[in-house]
Amino acid sequence: MADNRLNVLLVEDTASLAALYQASLQDEPLSLTVVQTGQEALTHIRHQVPDILLLDLQLPDMSGMNILQWLHQEQIAVTTIVITGHGSVSLASEAMALGAHDFIHKPVALERLKVTLHNAMKFRQLNQLVDSYRYDVAPAPIPSFIGNSLPMKKVYDLISNAAPSNATVFITGESGTGKEICAEALHQLSHSSEGPFITLNCAAIPKEMMESELFGHIKGAFSGALHDREGAVTRAHGGTLFMDEICEMDIELQSKLLRFLQSGYIQPVGSAQQCKVAVRVICATNKDPLTEVEQGRFREDLYYRLHVIPIHMPPLRERGADILSIATALVRQAAREEGKQFVGLSEATKNRLQAYYWPGNVRQLQNVIRSAVVLNQGEWITTDMLPTLLDTTGLDNEGEEHNASILPKPIVPLAQIERQAIERAIDYCDGNVSRAAVLLEVSPSTLYRKLQQWDAHHE
Amino acid sequence: MSNWQRLQRALPLIDTHQLQQLEQQLGQSVVTGLLHLFVEEGELHASTLLQAVAGGEYQAAAKICHSIKSACGSYGALRCQYLTEKLEVACRQQQVAHIQVLASAWQQAWGDTLTLLATTVNKDHE
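Protein sequence lines correspond, in order, to chains A and B.
Residue numbers in the first sequence follow my numbering, run continuously in steps of one, and reach 755 at the last position.
Residue numbers in the second sequence follow my numbering, run continuously in steps of one, and reach 1355 at the last position.
Since the hints were made in silico from the structure, they are not lab data.
Do not rely on the hints blindly, as some may be mistaken.
Unchecked claim - The following label-pair restraints were derived from C-beta to C-beta distances:
id, chain 1, residue 1, chain 2, residue 2, range
1, A, His414, B, Gln1323, 36 to 44 Å
2, B, Ser1276, A, Asp751, 53 to 61 Å
3, B, Gln1249, A, Val411, 14 to 22 Å
4, A, Ser386, B, Ser1276, 26 to 34 Å
To be verified - Not close to chain A: a few residues of chain B, all C-beta gaps over 10 Å, as computed:
id, residue
5, Asn1232
6, Leu1240
7, Thr1245
8, Leu1248
9, Gly1271
10, Gly1285
11, Gln1288
12, Lys1298
13, Gln1329
14, Gln1336
15, Leu1343
16, Thr1344
These numbers come from a predicted model, not from an experiment.
Cβ atoms here follow ideal geometry from the backbone N, Cα and C, with glycine treated the same way.
Chain B with its partners taken away, still in its complex shape (with noise of 0.2 Å):
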């Protein structure tokens, strides 16, 4: 296993400090309704990140990437943060053969923070 795998595997999905700060400074029911915007658009980006990248058109999937890492880091996502640099990087450099396995684990990532991040909103809700 390469060192980028074992580190991302290490780092949690949701920085949950981060996420209370956010919550301290504008208040729970923004936060929820930013979450929810996060979710929505990242969600259409997956999509068009995913068949940028089955299409093979590296550029536009670089440029997506850059997008989401922004966001990700924003809003507390550290994993998909990470892979997402890291994805932006192999794409810019047309890495094609790294570009499938970031892709494949970004996309397992996502997912779950996707799951994780439900879970949390809903919580807030509750």
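Here chain A stands alone, though its shape is the one from the complex (with noise of 0.2 Å):
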């Protein structure tokens, strides 16, 4: 089971005094790591961010205003409660103009110590549901989608204008991107809305079945039909029909369906009538449909039939901030489904969750973070209830086939693809630096120091 409680840094050089907090915090519910020197309390830090920091300005190789001022440097995010001689005012001051949160004068009153570590845990405990609420859903354009992400927001659009037209919608985008809940949204917003919404999975369906399954049989039309069954798309009469993985189906079954498009009339296996049906097309596929035609495996006159209106949904990884936005809402679902107390994700886990590649999209998020509530207990989701997998960036062989594919590209100066890197991943990090520097392993001040070159440039 994860460990839920809080770490705490504390750094002192007096081994009386080290031991004296120490026994005084035994009973709280934090794990409490003691270092003595300037030196180890940075190489710990480097290490592991603690939540808390107890520190004592004078340190025998260095000042614990040198720790506070690389802390704020590095934008490192610690609640520190800084211990002062007593007196020291002016220095108390200079900390927490620095970032400390607290100070406390010594000799350390023990009652006075657990009070200002009480208060601490609670503000930080405060700034992370705040934090967690910077990610809820400002309610996206249309129901059923999070996120407001620059590329899901054409998508609304699309969808917005799309959906009162009676226009075939051809969706592609990868696995778990979320085309049947776009092609929901299509029909919940149609003036068919109270209609049926009939989904056929294309892929599902042995070759054998599938035209019964799209259009219906009469009784004896083969053997086992010993009623007459209807097909999808009479099911699906004055609302919409879904067809997923549109380039699975059968080429011999693409001409009748081409013919249905075409007639609005279908006609029941085994049957000599035809009938007329008023049904809105939306299909889907997660494979490049022109390369299919190109292939000989899809009609290009069906392909162009259906093409009318076409909505590409972005894989997960281009979705910036939505990333965190869809897994915070996943985390409060799931938590209410399960009984469990999780709230949000710890700022670890959202950089871990920013820095994936998201072969899965979605639905892969969605696995994540179910399993990491059910196997879990606490608040908050932490790196260490996340699958090992998502230690790497999920790059496998073929994203970087798929980068290959994109090459070759002109060269350009060192300099500009370093600005494009970091102005992309700024971007991509809703204009958060210190996330932004974490996915490009470099330190915040760094990527500063670049952009206040840039805009000195400018000027």
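Grab the two chains, each in its own frame, and use the hints to assemble them into the complex.
Okay, here's the thing in structure tokens:
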């Protein structure tokens, strides 16, 4: 089970004082690490950022102020309580200016130490809560979607504009990007939203059954056809038919589908009669339909008949801060359903989720969050609750090939590539420079320096 | 006799009320262990401090005083806390003559404090 106690780092070089503080905090819900020098503190923080730092300002090898300055410069968010000698008011206020949360005078009264630490814990919890609401869903304009990233805003616009029309919509996108949700949204916002929404997965039905599933059959049409049966098209009359994985449809049946789309009439299997059906057709695929046409697996005329309004669902990795909004919403939903206390994601978890490539998109994210909620206890999803798979970026060979297919590109100066990479990362992180720095594996101060340079150059 | 000399003699070596409070908060056995550590570390500090003073390394002496002062304050060694504070200031200001007198007074108070603490700790053990 994950350890949900707060990590507190105490930097105190006087052993008898460190032991005294340690003894007084032994019943508190925290995991206390004690180091004696500034250098040890820096090494520890680099390895694992504590939740709370209890920092003596006078250390044998450096001033505690140096550590505060470093934290400030590197934008490392640690709730810091400085411990100062009696009367060092100016030092204390200098420390507060550098981001210290509170200060305690030496000799430290143990009750005061506890109260200050409790306040810091509450402050930290509130901060996390506020932060989690930052990624709360500013409600997306289309129901059942979460996130307001630029690529999704384009999708919302397309859905809003296409929904009232009866035109056929062709949705493309990787698995798990929400193609079916997009189709449902189109139906819900259409004039026939009161009518049925029928889904047919073209890959899930055996080839020989597909025509009957689509157009229905009459009794005796084939062995086992004991009764008349309506097909998906008829059942969708007055509403929407969503044909998922359309590129998997048998080429012979494609011509029958084309005939229906052109005429509006269907002929059930075994029947001599045709019937008129009023259906809005939406189809989807995770393949590139034009490649399928080129390879002769998909009829070109059907492609153009279906490809009236194309909507491309962006992969999760291109949706920037949406990842965190979706993950936060999923945590709360799963917590409600599983009767758990989880309210959001820890900072490190946010960084980990944003750094990952998400080949399985939202569906994969759903699985990761659900599993973390089910298998753990606590209020925040921490990195140790995530699968080890997420320790990498998730870029596999497929990703490399995908990148290779984009090449060759014109050669551009290195500085320009660097600037593009930095700007893309900041944009991806919704303007959060610290988070962008984590993804780029540089310090935030490096990014700030670059931004200042470009600003100065621009002026 | 100067003011500080009068005051330091008026101060108790150990603030027993503070030690009792520590015992209430942490338990007697924990406090006994902590006092052992305080004494052990204090002896090391005392020797380093007196060497630094004798060698005229006043900035180093001031740093050691700073550590001793806080520990004394936390464990109720009132007279030593007061004298260490005075000694720290004198060292920072390089008041050489004053440093020697204070160091001598501090050494005396430290010895007395250790003796008293040893009695207290042993009494607790009995």
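Hints versus structure:
1. A/His414 / B/Gln1323: 36 to 44 Å: Since the Cβ atoms of histidine 414 of chain A and glutamine 1323 of chain B sit about 43 Å apart, the hinted range of 36 to 44 Å holds.
2. B/Ser1276 / A/Asp751: 53 to 61 Å: For serine 1276 of chain B and aspartate 751 of chain A the Cβ distance comes to about 57 Å; the hint holds.
3. B/Gln1249 / A/Val411: 14 to 22 Å: 21 Å, holds
4. A/Ser386 / B/Ser1276: 26 to 34 Å: Holds: the Cβ-Cβ distance is about 33 Å, inside 26 to 34 Å.
5. Asn1232: 19 Å, holds
6. Leu1240: 15 Å, holds
7. Thr1245: 16 Å, holds
8. Leu1248: Holds, since 12 Å exceeds 10 Å.
9. Gly1271: 8 Å, violated
10. Gly1285: Label holds. Min Cβ-Cβ 20 Å, cutoff 10 Å.
11. Gln1288: 12 Å, holds
12. Lys1298: With a cut-off of 10 Å, lysine 1298 of chain B comes too close to chain A, as the shortest Cβ separation is near 7 Å.
13. Gln1329: 24 Å, holds
14. Gln1336: The claim holds: glutamine 1336 of chain B sits with its nearest Cβ about 19 Å from chain A, beyond 10 Å.
15. Leu1343: 13 Å, holds
16. Thr1344: Threonine 1344 of chain B is indeed farther than 10 Å from all Cβ atoms of chain A, at 18 Å.
Hints 9, 12 from the earlier list are contradicted by this structure; the remaining hints agree with it.
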